[in-house]
Every structure is written in structure tokens, then in C-alpha cells.
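Undergrad: Listed below, chain by chain, are the residues.
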Amino acid sequence: MRDISDEERAERRQYTLGLILSIVLTAASFGIVILDVLPRGWVIPAIIVLALAQIVVHLRIFLHIDLTRQKREDLQLLLFTLLLLGIMAFGTLWILANLADRM
Amino acid sequence: MSEQGTNPHPGMNLGYDGGEKAAEVTIFGFWTFLMSDLVTFGLVFAVFGTMTGATAGGPGPEEVTDLRSIAIQTALLLGSSFAFSWASLSMKYHGGRLHMLGFLALAATSALGFLIFELIDLLHLVEIGAVPQRSGYLSALWALVCLHGLHVAGGLLWMGGMTLQILLFGLTDQIKSRVTRMGLYWHFLDIVWVGIFSMVYLAGVA
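Residue numbers (full-length UniProt numbering), protein chains in the order written: chain A, 1 to 103; chain B, 1 to 206.
Derived by calculation from the structure, the hints in this document are not laboratory data. Note that the coordinates shown come from a computational prediction; the quantities given were computed from them, not determined experimentally. Heads up, the beta-carbon is just placed ideally off N, CA and C, and yes, glycines get one too. Honestly, I wouldn't trust all of these hints.
[What the hints assert, rightly or not] Short derived list, chain A residues pointing at chain B, Cβ under 8 Å: (1) D74; (2) Q76; (3) L79; (4) A89; (5) L96.
Only chain A is shown next, with the shape it has when bound in the complex (with noise of 0.2 Å):
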């Protein structure tokens, strides 16, 4: 067996703290479903905040995103995807919407 050093032990560490966290999430989400105790009103609000939130570890955690010097290109890149992403998303959820209410 070989030595493992304190480094890869954190990094290790830090990879199985995102496997437990998403396990919980995604066991919270289903959960919420499949056991139904949620009045029914919250349960696609609590399905989304759930995703978000795994969303975040695993970008945190398993991509390696994060507010350091080195990796706040990555995280431009990233957002300034997003900020595109939720014009066009966002904007044809919002345009066929109506036009499905005045249908």
C-alpha cells in the first residue's frame, strides 16, 4: 500500500463531502415526491432550491469553481454564460407563456 499524503487525504476528503452532500440532496428531492409532505404548492419551489443547491456543490466541489484568483476566468466564462442563457431561457418561457394564455 502506498503513502498517502496529507494533500491527497484533504482532496479526498473534499471529494467525498460533495458525494454525501449530493446524496442528500438528491434523497431530499426525491423524498419530497415520493413521501408527499409538502403542502402541494411548495413542492416544485423546494425540487428547484434542492437542484440549485447540488448544482452549486458540484461545481464548488467536483469542477473545481471556485473565488480564487486562478479560477475567476473560469468563473466568468460561467456566469456570463448564465446571464446569456437566462436572456434566451427565460425569454422564451416568458413570450410562449403568454402567447399560450391569449391562445
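The hints should help you fit chain B onto chain A, whose structure is shown.
TA: Frame of chain A; chain B shown alone:
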């Protein structure tokens, strides 16, 4: 912080400054590709959003969703992502070629399981007449799920290619850089899947 501690990417341990910098640029380029892919996925999601409820009297979310299978697929894909990160760590800390390939094989097997379950689900949809041409809702669902599935299948081919390269050439700097990019792609696909199981399946039956 130690020299290694400032390593910007997992799996990268090239040991000299020039290589790190060059790899950094390539990886940023790959991020640009991933983000363009994110726009594609995001817009297909938006189309799916406009099509919710447009079942035209055909099968709706309740008939289409098998939560047990979705849960298994989610677990398999997350497991695959995790196995891949273990392979990256093994590569970064010189765990040995076979050690790393073992985790890579685990990631590939898990992803193959994911695809098999997805295929079974899709075949079931065909059986109950929930084909893409049945309604707008089903068209959007098939487009989104299959787009993701094809990405996973492509990733599997890529993994096979990387395995061959590692066996043939060993873990050279260039191959380390490729594996790192593949890791980004693989984790990215898991993020897209979080969106799919939440928005398409869970929100569908909620």
C-alpha cells in the same frame, strides 16, 4: 500553501511551470466548449418548459416517469462521476497506471449501467405509445433525455480512447491534460442530469 496545493486542477501534476500554464489555457478553452454545450442544453430545457402540459391527450408525466428507475440512473451517474474523480486523484498523486485505470473502468461500467437503464425506460415509452411524434411534450422529453444520453455515450467512447492511450503511451503530461478535460466533461454531464431528474421527472409527477 505547498507547490502542489496551488495546483489549479485535479489530476494535473505536471511538475513544471510552463506545462501548467499551457494546460491552463487548454482547459479554459475546454470550459468555453462546455459553456456552449450548456447553452444548448439550457435551450432544450426551455423548449421542454414551454411544452409541459402539451400532451395532446397522449401519455403525460405520470405514465412516462418510473421514479425507481430514475433513482437508479441518478445513483449510477453520480457513482460514475465520483469514480472518475477518484481516477483523477490517483493520476495526480501517482497511484500507478493500473490503479487509475481501475477507477476509470468503474466509472465506465457505472455509466454503461446508466445508459442501459435509460434505454429500458425509453423502450418502455415506445411500448406504451409515448413516442416523440405523439405530442409536443413527448418530443421535448425525448429530445432532452436523448441529447443527454448521447453525451454520456460519447463520453464512454472518449473514456475508451483515453484507456487505450494510457495503455499505449503511459501517463504523459499531454494525456494527463486530456484526462482532466474529460473529467470536466463528465462532471458537467452529471450537473445536466441533476436538472433533468429534477425538472423533467420529479417536477413532472409532483
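Undergrad: The structure should be examined with respect to each hint, and the outcome stated for every one.
TA: Verification of the supplied hints:
Annotation: D74/A was flagged as interfacial toward chain B, and the flag holds, the nearest CB pair being 5 Å apart, inside 8 Å. At its closest, the beta carbon of Q76/A sits 10 Å from a beta carbon of chain B; the interface hint therefore is violated under the 8 Å criterion. Given hint, L79/A at the interface with chain B, is violated; its Cβ is 10 Å from that chain's nearest Cβ, farther than 8 Å. The interface hint given for A89/A holds, since its Cβ lies 4 Å from the closest Cβ of chain B, which is under the 8 Å cut-off.
Below 8 Å, beta-carbon pairs count as interface contacts, and L96/A has one with chain B at about 4 Å; its hint therefore holds.
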